[in-house]
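A.B. asks: Between the sequences and the hints, there should be enough to build the whole structure, so can you do that?
Here's the letter readout for the chains.
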Amino acid sequence: MHTELSDYLPLFILLFLSTAVAGLVILISVVFGPKRRAKAAKKVAPYESGMNAIGSGQRRFPVRFYLIAVLFILFDIEVIFFYPFAVAFRQLGLFGFFEMMVFIGVLLVGYIWLWKKGALEWESMDKQ
Amino acid sequence: MQEHKIVAPILEFLLKSVVLILIALTGFAYTTLLERRFIARLQARIGPNRAGPQGLLQPVADGLKLIVKESITPALADKFVYFLAPAIAVVPALIVFAVIPFGSGPLFSLMGDLNIGVLYVLAVLSVGVYGAVLAGWASNNKYASLGGLRASAQMISYELAFGLSLVAVVLMASSASLNDIVKYQQPGNILGWLIFRQPIAAGIFAICAMAELARAPFDLVEAEQELTAGFLTEYGGMKFALFYMSEYVKMIAMSALFATFFLGGWSGPFVNEFPVLSLVYFAVKVLIGLLIIVWVRATLPRFRYDKLMAFGWKALLPLSLANVMLTALLIVLGVY
Chain A
1 MHTELSDYLP
11 LFILLFLSTA
21 VAGLVILISV
31 VFGPKRRAKA
41 AKKVAPYESG
51 MNAIGSGQRR
61 FPVRFYLIAV
71 LFILFDIEVI
81 FFYPFAVAFR
91 QLGLFGFFEM
101 MVFIGVLLVG
111 YIWLWKKGAL
121 EWESMDKQ
Chain B
1001 MQEHKIVAPI
1011 LEFLLKSVVL
1021 ILIALTGFAY
1031 TTLLERRFIA
1041 RLQARIGPNR
1051 AGPQGLLQPV
1061 ADGLKLIVKE
1071 SITPALADKF
1081 VYFLAPAIAV
1091 VPALIVFAVI
1101 PFGSGPLFSL
1111 MGDLNIGVLY
1121 VLAVLSVGVY
1131 GAVLAGWASN
1141 NKYASLGGLR
1151 ASAQMISYEL
1161 AFGLSLVAVV
1171 LMASSASLND
1181 IVKYQQPGNI
1191 LGWLIFRQPI
1201 AAGIFAICAM
1211 AELARAPFDL
1221 VEAEQELTAG
1231 FLTEYGGMKF
1241 ALFYMSEYVK
1251 MIAMSALFAT
1261 FFLGGWSGPF
1271 VNEFPVLSLV
1281 YFAVKVLIGL
1291 LIIVWVRATL
1301 PRFRYDKLMA
1311 FGWKALLPLS
1321 LANVMLTALL
1331 IVLGVY
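From first to last, the protein sequence lines stand for chains A and B.
Note that this note's numbering has the first sequence beginning at 1, numbered continuously upward.
Note that this note's numbering has the second sequence beginning at 1001, numbered continuously upward.
Just so you know, these hints were derived from the structure itself, not from any lab.
Treat the hints with care, as some may be off.
[As the list claims (entries may be wrong)] DSSO-like, lysine-lysine: derived pairs with alpha carbons at most 27 Å apart: (1) A:43 - B:1065; (2) B:1079 - B:1183; (3) A:42 - B:1065; (4) A:117 - B:1314; (5) B:1069 - A:35; (6) B:1079 - A:42; (7) A:43 - B:1069; (8) B:1079 - A:35; (9) B:1079 - B:1069; (10) A:42 - B:1183; (11) B:1079 - B:1065.
Quick caveat: nothing in here was measured; it's all calculated off a predicted structure.
C.D. replies: In structure tokens form, the structure reads like this:
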């Protein structure tokens, strides 16, 4: 099977048109929306249910979100590894099957370790 | 002659892309109406029925209203990212349609035979997370940043099981091209559909699709009682409309993907004799998927966040991994 960059041409055209649509929609509201010169300070202030906003909206956030992101990267890469495997699986036969089980086995060991370490516990991290 | 060889396909793709985008946008407009009318019925209300017959002009009225709204940018927002985020949310939702075969034959899909179709779908759909994260961060608002954080953690957590459920599908079809997966499912009877042979994968896919869409019962991203509107809090007018558009276009895309992977895609009786029928079958399957998504929203209450994460990591991930192992075993044993 051979693929050239030109085979992806329709994709690039669609990408270009979609981006154009998105840009156009944003532009429309700037053009057709009412334009008021004097911007009241309250109007462009951050919304906090009618209270005056205290401090910045971009604050520090719990480290568990980072942890989830790191775990995601690890597992997602392994999920992606499954795809070439899955496409060729019927050709690989029994050999491929055992290779796959070894791969999943390694994955499971890591997964069980994470679970035991409490990396998947959302609440226990609160108490620490 | 050389020029014709280059210009003609470009024109063809251009035309197809325009049609695809128009279908997606019209679909978006009428999915909102469908949802409002259907959910109203489920709650014993009537729903919007004043603008045009049966409220059919309601989406037009909504669109016009949003167009004439003032474009407000919060003073403390990161202006560039604030404008960029809605575009990043909507573009992946639109371009994911490129690989979905809407009917039999090359006429009804932009590039349905792309041999890495499933990977493309996964990759494009995960770009959508950036829209939510950047919107939450750029708004410089506490509700928004909390909503953005929640959205990112939720979407990436469910993406794992989402990807693994599709591994089982690719294992069955031995191809990552969406058109091949559809063809694999048509040995003539309905039992060829993968929903009957991969029920676990279908269930996981449906749940994860709902979580990726951040719709009820997984709509913690914009839980009104806690976060006002989550990462959408500071957005209004057409910039809000873009996020809205991305949600509904993605809803259609997810429904179309479910139909393609598990419901036999465009296949159905007499497709070979009348290729146009395949479009109809596909549309009906997508519509049923959309109705079910709305039905779920009207029925189930919202998850609690810690339970949501636990469900994704401790239930769906091992279950989908086990399903991949089971599928592989059954293929080796010659059952599939």
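A.B. asks: Now look at each hint and say whether the structure bears it out.
C.D. replies: Status of the hints after comparison with the structure:
1. A:43 - B:1065: 20 Å, holds
2. B:1079 - B:1183: Violated - the C-alpha atoms of residue 1183 of chain B and residue 1079 of chain B are around 47 Å apart, more than 27 Å.
3. A:42 - B:1065: Distance of about 23 Å is within 27 Å: holds.
4. A:117 - B:1314: Holds: residue 117 of chain A and residue 1314 of chain B sit about 13 Å apart, inside 27 Å.
5. B:1069 - A:35: Holds, at roughly 10 Å.
6. B:1079 - A:42: Holds. Residue 1079 of chain B to residue 42 of chain A sits at ~18 Å (cutoff 27 Å).
7. A:43 - B:1069: Measuring from Cα to Cα gives roughly 14 Å; hence the hint holds.
8. B:1079 - A:35: Answer holds: residue 1079 of chain B to residue 35 of chain A is near 18 Å, not above 27 Å.
9. B:1079 - B:1069: Holds - the C-alpha atoms of residue 1069 of chain B and residue 1079 of chain B are around 18 Å apart, at most 27 Å.
10. A:42 - B:1183: With Cα atoms ~59 Å apart, residue 42 of chain A and residue 1183 of chain B exceed 27 Å; violated.
11. B:1079 - B:1065: Given that 27 Å is the threshold and the Cα spacing comes to 24 Å, the pair holds.
Comparing the model with each earlier hint shows violations of hints 2, 10; every other hint is respected.
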